[in-house]
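Please model the entire structure based on the sequences and the hints provided.
Order-wise, the sequence lines are chains A and B. Start counting the first sequence at 6; every next residue gets the next number (my numbering). Start counting the second sequence at 130; every next residue gets the next number (my numbering).
Possibly wrong hints are sitting among the right ones.
Unchecked claim - Footprint (simulated), chain B over chain A, 3 or more residues, beta carbon under 8 Å:
1. 103-113
2. 280-293
As the list claims (entries may be wrong) - In silico DMTMM-like links for lysine to aspartate or glutamate, alpha-carbon gap of 20 Å or less:
3. Lys264(A) to Glu188(A)
4. Lys265(A) to Asp342(A)
5. Lys30(A) to Asp190(A)
6. Lys198(B) to Asp241(B)
7. Lys495(B) to Glu68(A)
8. Lys495(B) to Asp142(A)
Stated by the list, open to error - Have a look at the derived ranges for each label pair, beta carbon to beta carbon:
9. Gln528(B) to Thr269(A): 47 to 57 Å
10. Gly211(A) to Ser516(B): 52 to 62 Å
11. Met339(A) to Gly488(B): 25 to 35 Å
12. Ser516(B) to Glu68(A): 20 to 30 Å
13. Gln528(B) to Glu43(A): 36 to 46 Å
14. Glu426(B) to Gln58(A): 44 to 54 Å
15. Lys150(A) to Thr515(B): 44 to 54 Å
16. Lys150(A) to Glu323(B): 53 to 63 Å
17. Gln58(A) to Gln472(B): 31 to 41 Å
Hints in this document: simulated from the structure, not taken from any laboratory. Here a beta-carbon is modelled for each residue, glycine too, at the ideal position from N, C-alpha and C.
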Amino acid sequence: MAFTPWSSKASFFRVLDQHRVSLIKSLKEGHGEAPRKEASSSEVLAAIENIIQDIIISLSRNEAPFLKIDNRSNWENIKFEDSVGLQMIPHCTTKKIKSDSAKSAQRFALILKILSMIYKLVQSNTYATKRDIYYTDIQLFGNQKIVDNIINDISCMLKVPRRNLHILSTSKGLIAGSLSYIEEDGTKVNCTCGSTAVAVPSNIQGIRNLITNAKFLLIVEKDATFQRLLDDNFCNKLSPCIIITGKGVPDLNTRLLVKKLWDTFHLPIFTLVDADPHGIEIMCIYKYGSMSMSFEAHNLTVPTIRWLGLLPSDIKRLNVPRGTLIPLTKQDQMKLDSILKRPYITCQPFWKKEMEIMAELKMKAEIQALTFISSDYLSRVYLPNKLQFGGWI
Amino acid sequence: MAARPVCEILKYVIFHWKWEAAAGSRKDLLEGELLISIEASSSEHQANTFHYVTTIAFAESTCGDLVPKQFLKEIQLLLSGFSGKLTWPSKEASCSQDLSDLVPFQMTVEVDEKPTTLKTDCLVIKQFLHKTSVVHPKVTFHFSMKVNGVLSKETFGPGSPGVQRVCSRIHPVLGHPVALFIPDEEAHVGLPGELTLTPAAALCPCGHQLYPNQTSRLSTAFVFLYGPSGLPLTFPNQKNLLTVFDNNSYLLDWKKYHLHAVPNLNISLEEDSCLLPDVSYRIESPEQSQPQDSGTEEEVLLLFLFVDFSNGFRAQLTEAWGMQALLLTQLNSILLQNRSLVQAAVHVAVDQALGQHCGLVKAQQKLQASIPVAVSSILSIVAGSTSRSFRALCLETLQAADTQEFRMRLHRAFQQTLLHPSTCAPKNPLPEPAGPEERKDGDKSLEEPVAGSCCLGKAPRLKRCCQGEGVGRRTQADGLGEATQPPVDPKPPCPQAPGWGSPEPGWEDSLWLQVLSNLSERLGGGSGP
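Structure, rendered in structure tokens:
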């Protein structure tokens, strides 16, 4: 049978185009704040020098120096704005990293250590990944997570985006579809493909000449689902489109790329996640951001993201076989309760309803449950229908 | 010898004082002053003999309802075998101006003794005062001695004048009281009710005095015994009635700690001003067969055993005094009968003290380990900066001529901020705990008190473990190429005025005071005060 893309029908993207128009209209009406200004190298160096200066002055007064960092783990320091997502309040509580306390002295020293490394990177205009930082002295740092947290703390403390610290995060995301760009080093990348995808680049800030005619961007939670869509030739069937995955909780570069695509093209962006609390949380990270990165919300969040599937209401509507459903665990329940209490849920009544359906069912479902209807149900029926008829919330 | 009667009188005064406090349901630590003044002059009647008069004086607030005549009578009964003279002088007569503030209560003990006996008596009395002041830290004992016109003074307690030689701080751990079974024979003799033993343990010096790479070993164990009212049970030079401690494994199963203890009988009143334990053990470990590093710090395990009894109802003062006097004579067999109970209680306290000490040492090591990392990071930024003004400001702030000197000063500055107040100037106040401002900033788990602030309670001046300010500090070698070396005093001499903490007992004494308050409360319901 000859291949005929769904999207060859003129009416297929009508609802999507209307959705895009409304999104652009909202933008023009002034919703949303400007992203944080990028810091220049000299500004970063000066910020680090100021910190060192303060430390030395404290020492000269025989006072134990400390570092003050905004407390990002306290919900009281987080505010929600529909147009931005989760962000830190202007005068938030702080925590002190003291040099004279056995509990925090090591962290104090490690922060200074990484600051000195950042200083050198910025001075020499070179870059390193978080992994590189860790491997400079694994005995000193202990584990990668410590390095990651300290780098976030430094970014928050200096009020500088991480990329301006010349520290790159390792990308784990994949992207495919109607998109091409040129990386900073001149490499031309074309994501249009059949069954392969392109790795999300590690220097999002440096990519230029982005070109796309995609009608939408689909964020896929899991790599397994992403690969399935690639195998089913989804990008061609629903061309022009882009699909991207962060392989679970997204890394910074994947989020930055999604944000960049929105900022550049104002594409309708949808998420395809499992109908479980973990999937919903991942979706919220893309849309509203996370507590830990709330200080960079303006550069990372895309509040216009819509939830395409798998919706808990789809389970009943599509008669998904009961045997494919999984009971919610205690952790699932706790996470669900926690998400329901988050500030952004109040302005998403439909999301709330869906979560309440899940709570009532006490069951969750993976996207793969749709394969029990038919093996290609997802790419052949579910997604095309959802996209054609506006089945997102 | 007049030391014994003087000490007995003091014991009786304190006992009476505590009795009055308990009668008023006051379980606070006793607070006040006593003066013990010895005036000795060559005897007119006997050659090579001193006639000396010991005066004990205390304020009315100490024993408010004490009737002098009655008191004298009770003391005379107490000291029935004493050949010296006991008097209660009139208000007009006073031996020295020092007493004028403490009238109206004074009594004197007069006796003729050889010079050597006088010297021993003084040492015994001072040991008693010192030992008592440990458990009654709010009572000041003013001791003065005038021999043929030459006056010397010492103070034991919080009112010590002058610069204090700061003793090592200890971290006392109060164990749980254990009820001791009183055998029938002892009960028949007159020890009714329940006898409790409460141990407290501490290591000296505390972990903050140790350097990160410095090894330490337990070399000695000192045991101090206290009876009801927190009075020392035994006298120095007294014939050892408590033979139970001759068994080196009575108190502790040393094998559990891979140690071996040997009773140390070389305790004598040779060195003035240092507190002598009631029982001392020399501790040996298997590693001792190898030569010890000269930098190895010797640590002393301090064990305080508080014995008191409670019979559930309040006995009369004289009866209670009689019981506590009887206690010492019967305690040996009681302790023998209750060995496992005593050992279990002591083990718990010692385990906690050792664990606490270990934690302190580790905390100090963490602090010290962080300094080289911080210093090299700061130096890297300063030395690598292209901003002349920034570099100049940094160097000027620490008064360094170049980056080499800057590194040294930076290191020293960090060290300085970690210095425990007890190891530098005793007048340096400890940092205040987190105030309301800091709490308002939301600082929670990472807001820690300064490392030194957890080192509370000062040890009495102990023989062989005086640390004071003489111990030098060595910074951790990390490729810096140098180490700051403050001057090291290898053997600080014992001062003449041991004192007890700073003139104003501050935050640093609060834990030991709290330990004693807790003990006082626990034991407050007894037949004795």
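Going down the list of hints, with the structure as the test:
no. : hint                               : result
1   : 103-113                            : holds (count 11)
2   : 280-293                            : violated (count 0)
3   : Lys264(A) to Glu188(A)             : holds (17 Å)
4   : Lys265(A) to Asp342(A)             : violated (32 Å)
5   : Lys30(A) to Asp190(A)              : violated (36 Å)
6   : Lys198(B) to Asp241(B)             : violated (24 Å)
7   : Lys495(B) to Glu68(A)              : holds (19 Å)
8   : Lys495(B) to Asp142(A)             : holds (17 Å)
9   : Gln528(B) to Thr269(A): 47 to 57 Å : holds (54 Å)
10  : Gly211(A) to Ser516(B): 52 to 62 Å : violated (27 Å)
11  : Met339(A) to Gly488(B): 25 to 35 Å : holds (34 Å)
12  : Ser516(B) to Glu68(A): 20 to 30 Å  : holds (24 Å)
13  : Gln528(B) to Glu43(A): 36 to 46 Å  : holds (38 Å)
14  : Glu426(B) to Gln58(A): 44 to 54 Å  : violated (38 Å)
15  : Lys150(A) to Thr515(B): 44 to 54 Å : violated (34 Å)
16  : Lys150(A) to Glu323(B): 53 to 63 Å : holds (55 Å)
17  : Gln58(A) to Gln472(B): 31 to 41 Å  : violated (59 Å)
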